[in-house]
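From first to last, the protein sequence lines are chains P and G.
With the numbering used here, letter number 121 in the first sequence gets 121, and the count goes up by one each step, no holes.
With the numbering used here, letter number 141 in the second sequence gets 141, and the count goes up by one each step, no holes.
Since the hints were derived computationally from the structure, they do not count as laboratory data.
Incorrect hints may have been included.
[Unchecked claim] Computed cross-link-like contacts, PhoX-like style, restricted to lysine-lysine with a CA-CA straight-line distance of at most 25 Å:
#	chain 1	residue 1	chain 2	residue 2
1	G	81	G	71
2	G	67	G	81
3	G	48	G	18
4	P	184	G	67
5	P	178	G	312
[Unchecked claim] What the simulated footprint calls covered on chain G by chain P, stretch by stretch (three residues with Cβ under 8 Å from a Cβ of chain P suffice, anywhere in the stretch; the number is not a length):
#	segment
6	67-77
7	108-116
8	129-138
[Said to hold, decoys possible] Taking CB as the label site, the calculated pair distances span:
#	chain 1	residue 1	chain 2	residue 2	range
9	G	326	P	156	47 to 57 Å
10	G	316	P	88	33 to 43 Å
11	G	43	P	3	44 to 54 Å
12	G	277	P	158	43 to 53 Å
13	G	47	P	20	52 to 62 Å
14	G	17	P	5	22 to 32 Å
15	G	332	P	164	47 to 57 Å
16	P	88	G	173	37 to 47 Å
17	P	158	G	62	37 to 47 Å
18	G	336	P	130	15 to 25 Å
19	G	23	P	1	27 to 37 Å
Cβ coordinates follow ideal geometry from the N, Cα and C atoms, glycine included.
Spelled out from the first residue to the last, the chains are:
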Amino acid sequence: MVVQALAFYLFATIAVLSATAVVTVRNPVHSVLLLILTFFNAAGLFVLLGAEFLAMLLVVVYVGAVAVLFMFVVMMLDINFVEMRQGFLNYLPIGVLIAVVLFVELAFVGAGWTLTDGTVAVLAQPTPVGVNNVEALGQLIYTDYAYIFQSAGLVLLVAMIGAIVLTLRHREGVRRQKISEQIKRTRADTLEVKKVPVGRGI
Amino acid sequence: MELLWDGYIEPLVWIVAKILAIVVPLLVAVAYLTYAERKVIGAIQLRKGPNVVGPFGLLQPLADGLKLFLKETIIPTSANKGVFVIAPMLTFILAIIAWAVIPFDEGMVLADLNVGILYLFAISSLGVYGIVMAGWASNSKYAFLGALRSGAQMVSYEISIGLIIISVLLTTGSLNLSDIVRGQIGGVWEWNFIYHFPMFIVFIVSILAETNRAPFDLPEAEAELVSGYNVDYSAMTFALFFLGEYANMILMSGLAAVLFLGGWSAPLPFLDFIPGAIWFILKICFVLFIFLWVRATFPRYRYDQLMRLGWKIFLPLSFAWVMLVATFLVVFDKVPA
């Protein structure tokens with residue numbers, strides 16, 4: 001238990017520190033890297049909770065795919081750091097206002113939350129007894145809530161099609177490689193062997 | 001005091017010993033993989049390969065390692081120093097920690113995770129960071145272009161690898177690597193590569209792309225990009241990239257052996273008396289030989305052809321295979337419990 005407690009505090013501390021650093025460091029690429037570190041520590045916390053499947057998914061999906069795209073975009077931007085800091089004072093009041101609203105909301109949620117007697121026992125077991133993680137999640141998503149899950153997938157599909165339609169452009173005069181046509185070529189179409197007489201050429 | 005020893009220190013000593021028992025042979029294997037690569041390619045190209053340092057040139061990898069170790073580590077002035085130094089370490093660490101879940105024999109595995117295959121997939125999807133960070137931190141055009149190519153390539157081929165893994169998992173019914181191997185014990189006709197043959201081929205091609213090896217070694221296409229993402233690295237920082245890349249090759253070969261070639265199981269039942277670890281190593285060597293063979297045989301792909309192959313051919317093909325396998329299992333009522 002001591003090791004688990006130590007691991008929890010390690011992951012939690014690094015997660016909080018790096019999450020803070022994400023919004024405070026100047027270089028956006030460093031921000032993305034710190035965000036990845038935060039995801040990682042969140043995955044570590046999931047493992048400690050006994051939800052190793054979710055932990056691995058967090059790493060595969062967020063770190064392995066989403067953050068890579070972030071990184072691509074951020075790396076390719078040419079960012080002027082001096083200009084970025086100029087608007088800071090202008091936006092400060094609005095930023096503070098939003099932060100206060102969010103904080104008050106969080107405080108209300110936290111204050112209004114009471115734990116009943118059974119809750120602690122449930123919290124200690126992320127999955128029903130005797131069922132492993134993957135199975136428990138599969139039960140929820142594909143058996144109990146299959147239709148809701150499918151419709152969520154459809155919503156995402158619509159969003160994806162929308163994004164493709166918005167960005168798809170056909171340019172005129174682009175010459176593309178057609179590999180099937182290239183493969184279909186035979187020697188008869190392309191090659192002709194000629195006997196060249198000496199001194200005369202073709 | 002006794003509690004401290006029994007509860008904490010003894011397990012710690014054990015786990016460190018086990019880790020060393022994996023990492024040290026792995027690093028030796030990496031060194032001799034470079035030797036094997038030069039010898040195999042030499043043989044294919046009718047050359048001799050390294051033959052000067054030691055008998056048959058066997059000490060060549062050690063000499064190369066020593067050379068890299070003794071050189072000066074240069075950090076370019078315009079580089080982003082922290083990221084520049086972290087990137088090779090990250091590549092190396094990721095290539096090593098993935099070995100924690102690889103089963104060498106029945107019960108011979110460092111961490112028998114229930115989600116072992118997902119762990120491997122997660123670790124290998126992180127490999128792109130080492131390269132992208134190196135390319136960005138070098139602050140050089142060649143390195144950056146190499147990193148971008150590599151990133152796009154690894155992300156594209158990971159999708160088809162993931163789908164192939166799903167179709168293997170469907171027939172096994174477990175995410176545990178040891179269970180995947182146990183499902184294939186009993187001879188060569190039980191191995192997955194027979195049932196998933198088209199996907200075995202796609203998987204081999206995809207791991208070539210995933211490890212940035214020829215004919216998909218666009219990130220370091222030396223003709224256009226000098227050497228790609230690691231052009232500004234020297235000495236040990238370069239050596240770490242190199243070790244990471246080759247350790248990744250061995251890892252992916254191990255994954256191919258576990259998923260398709262029956263892991264530690266013997267090809268014929270009466271050959272069971274030979275230890276499983278030896279079979280596993282032989283299978284890894286077989287896949288590694290394919291890596292080297294392909295490198296000496298095929299010309300490099302063009303970038304658009306690479307993307308076409310990944311997105312327009314492998315992705316639909318592996319999707320169709322997942323559907324086919326799932327349908328087959330349901331229709332014939334063969335879903336593993």
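Results of checking the hints against the structure:
Restraint check for residue 81(G) and residue 71(G): satisfied, since their Cα atoms lie roughly 19 Å apart, inside the 25 Å limit. With a C-alpha separation of about 24 Å, the suggested pair residue 67(G) and residue 81(G) falls inside the 25 Å cut-off, and the hint holds. Annotation: proposed proximity of residue 48(G) to residue 18(G) is violated, straight-line Cα distance about 38 Å (limit 25 Å). Pair hint residue 184(P) plus residue 67(G) does not hold up; C-alpha atoms about 51 Å apart against a cutoff of 25 Å.
Distance check on the hinted pair: residue 178(P) and residue 312(G) sit about 13 Å apart at the alpha-carbon level, within 25 Å; holds. Coverage of the segment 67-77 of chain G by chain P is violated [criterion: at least 3 residues with CB-CB distance below 8 Å; count 0]. Given a C-beta distance limit of less than 8 Å, the hint that chain P covers the segment 108-116 of chain G holds, as 3 residues qualify and 3 suffice. Check result for the segment 129-138 of chain G against chain P: holds, 4 residues qualifying (beta carbon to beta carbon below 8 Å, three or more required).
Checking the proposed 47 to 57 Å range against residue 326(G) and residue 156(P) shows it is violated: the Cβ atoms sit about 20 Å from each other. Distance hint check: the CB atoms of residue 316(G) and residue 88(P) are about 49 Å apart, inconsistent with the given range 33 to 43 Å. One distance hint, 44 to 54 Å for the beta-carbon pair residue 43(G) and residue 3(P), holds here, with the actual separation near 51 Å. Judged by the Cβ atoms, the range 43 to 53 Å given for residue 277(G) and residue 158(P) holds: they are separated by roughly 51 Å.
Here the CB-CB span from residue 47(G) to residue 20(P) is close to 57 Å, well matched to the stated 52 to 62 Å. For residue 17(G) and residue 5(P), the hinted distance range of 22 to 32 Å is satisfied, since their beta carbons lie about 26 Å from each other. A C-beta distance of roughly 37 Å is found between residue 332(G) and residue 164(P), which places it outside the suggested range of 47 to 57 Å. About 56 Å separates the C-beta atoms of residue 88(P) and residue 173(G), a value inconsistent with the hinted range of 37 to 47 Å.
One distance hint, 37 to 47 Å for the beta-carbon pair residue 158(P) and residue 62(G), is violated here, with the actual separation near 59 Å. At about 19 Å, the CB distance of residue 336(G) to residue 130(P) agrees with the hint of 15 to 25 Å. Under the hint 27 to 37 Å, the C-beta atoms of residue 23(G) and residue 1(P), about 29 Å apart, fit the expected range.
Taken one by one, the earlier hints fail for this structure at numbers 3, 4, 6, 9, 10, 15, 16, 17, listed in ascending order.
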